[in-house]
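Student: One-letter residues, chain by chain:
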Amino acid sequence: MATDPITLEIIQNSLQSAADEMFAAMRKTAMSSIIYEVLDMGTGITDAEGRIASSGAGIPAFIGVLDKSVQFILGKHAEIAPGDVFITNDPWHGGVTHLNDLVLAMPVFSGGQLIAWTANIAHNSDVGGMAPGSLSGEATEIFQEGLRLPAVKLIREGVTDQALMDIITTNSRMPDFLLGDVWAAIASVRVGAKRLEDLAEKYGVETFTEAMNSFMEFGHKTASAELANLPKGTFELSEEQDDGRVYNVKVTITDEDFIVDLRDNPDQDPGCTNTSRDGTMICAQMVFKSVTDPDTPANDGSFRPLQVLTREGSVFHAKEPAAIGFYFETEVRVYDLIWRCLAPHIPDRLPAGHFSSICGTFIGGIHPDTGRQYTIIEPQIGGWGAWDGRDGNPCIFSGFHGETYNTPAEISEARNGLYVDQMALNTEPGGEGEFTGGRGLILEYRIRTENGFVTAGYTRSKVKPWSLEGGKEGSGNYVEVIKPEGTERYSFVSGLELTTDDVVRVVTSSGAGFGDPKNRNPDSIAQDIKNGFVSEERAKSVYGLDA
Amino acid sequence: MSNSIRRVATDVGGTFTDLVAFETSDDGMRVITAKSDTTPPNFEQGVLNVLSKMEDQGIATKDVDFMAHGTTVVINALTERKGVKVGLITTEGFRDTLEIARGNRPDFFNLHYEKPEPFVPRHLRAEVPGRMTYQGKERVPLDLSELPTILDVFKSEGVEAIAISLLHSYADTSHEEVLLAEVKKLWPDVSVVASHQITREWREYERSNTAVLSAYVQPVAARYLGKLDEGLTSGGLRQSPFIMQSNCGVDSLNATSAVPITMVESGPASGFWGAAELGKLIGDPNILALDIGGTTAKCSLIEDGEVRIMTDYWIERSRKSAGYPIMVPVVDLVEIGNGGGSIAWVDDFGKLHVGPQSAGALPGPAAYGKGGNNATTTDANLWLGRINRNYFCGGAIEAQMDATEMALTEVGDKLGVDTDEAARGIVRIANNNMVNALKLVSLNRGHDTRDFTLLAFGGGGGMHAVALGQELQVKQVVVPAAASVFSAWGMMMSDLRRDFFVTQLADLHEGAGVTIEGVFAEAESQAREAFKTDGVDPSRVSFLRYGKFRYQNQEHTTEVLLHGEVTDAALDKIAEDFRAAYEKEYTYRLNAPVEMVGIHLVARAEVGKIEMTPAPLGDTDASPAIKSKRTVDYALEGKHEADIYNGDKLLPGMKFDGPAIVEDSGTTIVIHPGNKVWVDAFRNIHIVLEG
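Residue numbers (my numbering), protein chains in the order written: chain A, 1 to 547; chain B, 1001 to 1691.
Worth flagging that the hints you see were computed from the coordinates, not collected in a lab.
One or more hints might be untrue.
[To be verified] Simulated pairs of lysine to aspartate or glutamate, EDC-like, Cα-Cα distance not exceeding 20 Å:
| hint | chain 1 | residue 1 | chain 2 | residue 2 |
| --- | --- | --- | --- | --- |
| 1 | B | 1655 | B | 1606 |
| 2 | A | 319 | A | 269 |
| 3 | B | 1414 | A | 4 |
| 4 | B | 1137 | A | 369 |
Chain A extracted, bound-state conformation (with noise of 0.2 Å):
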C-alpha cells in the first residue's frame, strides 16, 4: 500500500538530517586539520543496495564515493551482521579515490533485516608509502602511496578487530592522528545509524524503504525534467594539458540520455596522476548535477540518466596498480573538460573557467615550539569565471571542492610553527572582460626551521582558465619557492627540502572573463582601478580607456 506523501517526505527530511548529523559528528571529533578544518570529508546515507539516498554537505565531489564503497563490500562479503563496521581506502576494492581516504560503511538492520547503510570518507593525514603525507609525484605504483586497505571488516558486531586496528595506525607516520580520525569517522557512521534504525521502528521498514525509494524517484524526475530544456545534439573538445597531452571529451544529449564519452583519450600516466573509471565516473556526475538540478540534495535518481563512457588503461579508467595518489588533478581536469566543453551551449548554468586545480600544497617539518611533527595538507583558493551579468567570485575552493574552509593564518603559525607572511588577493593581469574574472590567492608561508619539505601538484598552470564570448583568460597557478641562492617557480614539485626562512609562495589563478573587455561599464573600470584590482596602464590596454 502506498504510504501517504506527506509521511514519505517525513522520512526523507529525516535521512537529509541524519547526513547532516553524521557530518557534524565527524566535523567535531577529527585530529587532522584537513578533515575539521578543510573538511575534506564527506557522509552519506544509503539503502540496502548500496544505492546513494541522502548526503551530508562538504564536498560535490566526495558525494558519488560512498555508493560505490557500500556495493563493493556487498558484493565481497556474505557475512554482514548488526554491529559491524567496514573499512576500504583502495580504488580497486571500492575505495574510488586515493588511499588516504578511508571509507568506513555501517550496515543499519532492523528487525534482522538489513535496511539501509551509513557510510564515512575522510582524507586521513598518512597511512604510510614512500613519502610523508603518502603522496608523492614520484610514484609509480599503488604500493608506494600507502596501505591497502580491500574492504574488510574493522568492527565485527561491535567488536573492534584490534589487529586491523594496530596495523592501520603502525603503517602510519601519524598515528595518533589516524587513530582519532578513524573514531572520529566511528561515530559519525554509528549515530546516523541510531538515527536510521529509529526511523525504521517508527515507521515500519516497508514504509521507511519506500521513502528511499520515493526520494531517489524524485531525483530521478526532477534530472529527466531538466534534460528536456537542455540542447539536444553531440558536443566535442579536444583541450591541451599543461603536460602536452591532449584530452577529449564527446558530450551527447538526447530526451532521456546524457552521455560522456571519455574513450578517446591517452594511456594510463606512469606517474601518480591517473584516476579510477568510478572517480571519472563522479566527475560527470558533478556537472550532470549542475547543469540539470543545482538546488535539491544529489542522490542515486539524480545520476539516472547519465552514462559514462571510458578506456580501461586509459588515464580516466586506469589499471591496477597504477598510482593514483595525485588523482584529484587529474579527476579536475575531466571535470573541467566536460563543463568547458557544455558551458558554450548552456551558458544560463555554466560560468567562464575558474582556477580549476585543487592546487594541493603539502608542507612538513618539526614545528619548533613544540618539537612535534607537522604537516600541512590544503587544497588552495582561487578565482571563479565570470557569467553574463556578474564578475565572478574571488579566492573561493574549486568546484571539487563545496563547504570547505581554508585555515587562518592565526592557526595555522600556532599549529604549524611557520610564519604565514601574507594572504592576499592576486592582482596579476588575466580574467579581464565585460564582466571580470574573480581574483586568485597569494599565500606566503615561512618557514621557521631545517629539515622541512613541500610537495605541491597544480595543473591550469600554463594551459589557462578558458573565457567565454571574446574575455580574456585566467592568470594561472603556480608555486614558488623563494630561497637566499634564488627564487624557483613550479607547478609539479615532490619533497623539496626547505630550511629556516624559506618562503613558499602560493599563487592561484584569477578566473577568466566573460565578454569583450572593451564593453566594461566605465563606473566598473574606475571602481576596479580604485580597489587596486587593475592598474591604470593595464585598464588603457585592456578595456581601452582614455585616462
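Here the structure of chain A is known, so what remains is to put chain B in place on it, guided by the hints.
Tutor: Same frame as chain A, but now just chain B:
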C-alpha cells in the same frame, strides 16, 4: 503603595513596540501590558509613546525602579545595510582577509554561487607593519608612520567609523591598543573599535569581520541609545535602562553604546533566559525551550538551569550562502523559517513544503482577508479547528474562512488530496521541521529528550508543542502563563552579565594549574573593573568558569564547568570531566592527552529580579473555565470533540484531560487526546503526555 516596586520591559519589534510592567507590592503583583506602533527611523519615539500608555494605566515613568530594554536596531541595521561607511586598519599583508573570508561554497552544485560582499571595499582596507606571534610576543614593532595618510584617505572618502583588527591581538592586545589610542588622538571625533575590545579569540577573518560589523552599526546604535536615554530621562526615568544582550544578560547603556554588536541576537535571548528562570522556579532545570513566532521558530537547550553561550554566530548563513561571522557571545540557538505565517507550497514535483517564506503581518495568512492568497500554517490550524475561527487573534480579526479554504484547496489540488488532508499535511510538515530543529540542539549533542521538559512560548508555541513533545517523548510540556509576553518577563529576570572568551593554549601537565588560574584571575579582575565603572559593587559580582578542552591535535572543543581554584592537583579531575563530557556527546573516549584551548568566563550581578510568589492551589475542578466544545482535527490522531477552556479562567490547582483547547487573547494551546493537564501555583500549564 510605598512598598511597591515597579519594573518595566520595553521591546522594539518590527511592527509593534511592546511594554510589560510588573508592579509588586505587599498585595501581590499587577501586570500591565501596552503596545504602540514602532516608529522608524526614530525608534525611541515608539518607546516614549508606549510609556505614556503605561502612564495612562497608572504607573508613572518617574516611579519606575528598573527598566530593561530590547531592541532590534543592530540586526536591522545589518540586514538592511543601514550602517555607516567603515574603514579597516589591519596587519600588513592581510587587508584582503575580509574579502577572502573562508573560501567555502555551501551551495556547491550551483556554479553561479554568489560569495557575500565584504562590508568594507578594498580601497578602505589599510595596512600597518608590525607583527605579534601566536604566543603574544612582538616579532616586528608596530609602525604607525603611515597612519596620518591612511586617516586622510578615510576622511576624504567619508568614512564614519574605523575598525581595527591586527593579527594575534587575542594573544596580546598592546599593538591594537597603541593603534586605537593613536587613531583617537589624530581623529578624536571618529567612532572606532578594536577587535580585542569585543573578543579575545583567534581566527583573523571572524575577528576582523566582527570588528567591522561592530563599527558599521556603532554610530547608528549609539545615536539611538543616546536619544532613548535623553527621552527617558526627560520623561522622569531615574536610572538609565539596561539593554538586553545576545548572551541572555542585560548590560548598561554606556557599555552597550561602546560595543553595540553584542545586542545582535538579543531578541530571542530574553525568551530563552525566561525559560531558564521558569525552569528553576518550577523545579525543572532541564528545559528544551521553543519560541514560535510569526516568521520563525527558535529553540535552545537549557541544562541545569544554564543556557549555553557560544561565539560561533553568523548572520545570513544558509545552505545558499556563507554569511558573515560575528564572534560575540550569543545564546546557542537553532532558528528555522517556520512560524504561524509560513507559506505552504508545492514544488514542481508534487512535494509539499512549509516556509521559509512568510506571509508576514501583511498580507498575512489568507484568513486575514488582506489579499494573502497563500495558505499558511495559521490557515491550516484554523481549518482543522485548532484555532477558534470565531475568536481569531483574540477576536481582533474576523477569520475569512472562504479565503482559507480556497488557499488550502489549491495546495490540496497540487498534492492530489482533499482540503482536510492538505491542512493536516501542512501541520505535519511544519511540526517535522520543528522536530528536526529541536533534535539539533538535543539529540545531536548527546542529550536524551526524555530527560527534558519542553517549554513552549511565543504566539504559536502552544499550538504545536504537544505534537512535538510526543514525537520527542519529553517528560512534559509546559506553556507559561502569559506566553505571549514571556520574553518581556525573561528580560526582567536577566542579570547584568558579560561573557569573556580568551584563547590560551595549555597542556594539562605540571605547572598548568598556575597558568590556567592566572588566565581566569585576569579575566575576573577585568570583569570586576568593568562592572565597577557601571556602579556595581565588585562584591556583588559572581562568576562561572568554563574551560574549553580537546584531545591533543583536535580542533573543536568541549566546554567543561570548573569548580573552585584551578591547581595542579585539580587537573586530573578536570581532564576526567572533559573525557566524560566528550564521551556523552560523541560516544567514545581516547587515551590521547587533553589540552586547554581557552576559557569562557561568565561574570554576572543581579540588578533586581522579580520575586515570584506562588499562589495557593485551589479546587481541581476546571469545569468553570470551560466555555464551549468544538470538533478539532488532531491530524494523525483524527477528529475529536474537544473541551474549550478560557485561559484567563484557569486557576492554580485545576486539572483536566485532553482532548482540549485552551484559548486566551494571545495564545492557543492544543491538548491532544490522552494528555493530562494541571495548572501550577504560577498559573503555568503543565501537560503530561500519555506514555
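Student: Evaluate each hint against the coordinates.
Tutor: Hints versus structure:
no.: 1; hint: B:1655 with B:1606; result: violated (36 Å)
no.: 2; hint: A:319 with A:269; result: holds (10 Å)
no.: 3; hint: B:1414 with A:4; result: holds (14 Å)
no.: 4; hint: B:1137 with A:369; result: holds (13 Å)
Violation of the numbered hints given earlier is confined to hint 1; every other hint is satisfied by the structure.
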